[in-house]
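A.B. asks: Sequence:
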Amino acid sequence: MAEFTGLDVGTFRPKVDALSELRLLKQSLDFRNRELQDSRKRLRHTQGRLSQACEDFKAERAGLQAELRALGESGKQLGDSLAAQKALLERQSETLTHERMNVDLLRDEVQRMREEQRKMPVQEGAPTNLRAARPGEHLWH
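Anchor point for the sequence shown: position 67 equals 67 in UniProt numbering, and the numbering is continuous, going up by one each time.
FYI, nobody ran anything at the bench for these hints, they're computed from the structure. Careful, some of the hints might be misleading.
With beta-carbon atoms standing in for the labels, derived distance ranges [stated by the list, open to error]:
(1) 86 to 36: 27 to 35 angstroms
(2) 113 to 59: 40 to 48 angstroms
(3) 37 to 97: 16 to 24 angstroms
Listed next, the in silico DSS-like pairs over lysine-lysine satisfying Cα-Cα at most 30 angstroms (straight line) [claimed, not checked]:
(4) 15 to 119
(5) 26 to 15
(6) 26 to 119
(7) 58 to 76
(8) 58 to 86
(9) 86 to 41
(10) 58 to 41
(11) 86 to 76
(12) 41 to 26
The C-beta atom is built at its ideal place from N, Cα and C for all residues, glycine as well.
Kindly produce the complete structure, drawing on both the sequences and the hints.
C.D. replies: This is the structure we're talking about:
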C-alpha cells in the first residue's frame, strides 16, 4: 500500500476542529428548531380548543340571553357576568394570537441566524475550551 507524502496533518487539524464546532452549533440550532416546532404545534392545538370553546360559548350565550331577558333584574346581573366572561375570552384569544406571532418571529430569527452562519468563513483553529460531548451528557442546562 502506498503512503501519501507531503501531507501535513497539522494543517488539517484546525479545519477539522472548526468543522466540529460548526456541527455542534448546527445540532444546537436544530434542537432549538425542534423545540420551536413542538411549541408551535401545542399553541395551535390550544388555539383550536379556545376557538371551539369561544364558539360553544357564543352559541350558549345567544340562548341564555333570550332566557335572561325574560328573567328581569336578576337576568341583567347574569347578562353582565356573561359580558365580562366574553371580554375575558377575547383577551385570552388576543394573547394566544400574540404568542403565535412570537413563535413565528423566533422561527424566522433562527432561519436568519442559520443564513448568517452559512455565510461566515470557517475559522482557522478552534476555541481551546471546546470538547466533544460525552455519551448521555445533556447539551443544554
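A.B. asks: List in ascending order the numbers of the hints, as given earlier, that are violated by the structure.
C.D. replies: No hint contradicted; all consistent.
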